[in-house]
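*Asks:* Sequence:
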Amino acid sequence: MKKFLVSAASAALMFQSVATFAQEAASPVDTPATVVATGSEAPAGPALWKLSDEDTTIYLFGTIHALPREVKWFGGSIEEAIDSSGSLVTEIPGDSINDPASQQMIAGKAMLPTGETLRSLLDEDQRVSYETAMAKLGIPVEAFDMFEPWFAGMTLAMLPLMKAGYDMESGVEKVVEREAPETARREALETIGFQIDMLDTLPVKSQVEFLMSSASNIDEVSAMMDKMVAEWMEGDADGLAALLNEGLTDPVLAEALLYKRNANWAEWIDDRMDDPGTVFIAVGAGHLAGEKSVQNFLTERGFTIERVQ
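Just so we're aligned, residue 1170 is where the sequence shown starts under the working numbering, counting upward by one.
In case anyone wonders, no lab produced these hints; they're calculated from the structure.
Worth double-checking, as some hints may not be accurate.
What the hints assert, rightly or not - Listed next, the in silico PhoX-like pairs over lysine-lysine satisfying Cα-Cα at most 20 Å (straight line): (1) K1241 / K1396; (2) K1396 / K1332; (3) K1241 / K1305; (4) K1305 / K1343; (5) K1278 / K1374; (6) K1429 / K1461.
Stated by the list, open to error - If you anchor each label on the Cβ, the simulated ranges turn out as follows: (7) T1473 / Q1273: 38 to 46 Å; (8) A1270 / K1374: 30 to 38 Å; (9) S1253 / T1473: 18 to 26 Å; (10) A1276 / T1225: 37 to 45 Å.
The beta carbon of each residue, even a glycine, is placed where N, CA and C say it ideally should be.
With the hints as extra help, turn the sequences into a complete structure.
*Replies:* This is how it looks when you write it as structure tokens:
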């Protein structure tokens, strides 16, 4: 189950461009997913942090790229922070997600060399698990044969969520983009190309592990994602970290998907603190929770991080 979290959480919380592909592939359903926060009290709201000095304030907000339509979270300190910000910073440019050139780039990177197939990279047990997952989703087992394991793994992790009612248009980035002041400058920490190259250059062994995480737990994807969203809605960063990051048993995956990027973003924030103004940074919630989070790297650089909400 922990290994499953690597693919499901990473796909759902980090890579919007592939989530868009998955949403287009998923068939509509009549009954959307229901996310219920644990505990008897109303959700405290997603966690928000800030660091500041005499002339600069930077907010850190963890996002979920796709949410059920009925999940309501915007308001309070989050709304106030966005309204006060002169810059909105996301992982990738918001207007690049549906760019045809980006989708073409992804398709090109995801393709295996001619004469090689995805299932030829799997041993017998892995192939049975993979084909069983495809059958449960109603997808022909040969549908992803031309694709590399990282792409098939992310798509398998996303399709059950899309079919369960998780929607990109209800995702946090979409809401933040709509609610941020029109005058706020839009910036990004990475590009789609960077994120796809990061996955595309993973060792085949790590890619296959990523794929099998999704395939072997296909029935639990939606329920586990509901649980993650409940932790996020309560602002329980420690609980979310336990779900998201403890399953990163592959050090190659952990370094590539989280730790290296978190360190890079902390350096970017450090540099940005030299410029006056207020900045709202919205990145995947997994980056702001657990070991080697963005906050941990900022603390190592001497910054004090304050929990706002």
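*Asks:* Please go over all the hints and tell whether each is borne out by the structure.
*Replies:* Structure-based check of all given hints:
no.: 1; hint: K1241 / K1396; result: holds, 16 Å
no.: 2; hint: K1396 / K1332; result: holds, 17 Å
no.: 3; hint: K1241 / K1305; result: violated, 31 Å
no.: 4; hint: K1305 / K1343; result: violated, 30 Å
no.: 5; hint: K1278 / K1374; result: holds, 17 Å
no.: 6; hint: K1429 / K1461; result: holds, 9 Å
no.: 7; hint: T1473 / Q1273: 38 to 46 Å; result: holds, 44 Å
no.: 8; hint: A1270 / K1374: 30 to 38 Å; result: holds, 31 Å
no.: 9; hint: S1253 / T1473: 18 to 26 Å; result: holds, 20 Å
no.: 10; hint: A1276 / T1225: 37 to 45 Å; result: holds, 40 Å
Against the hints set out earlier in the document, violations occur for numbers 3 and 4.
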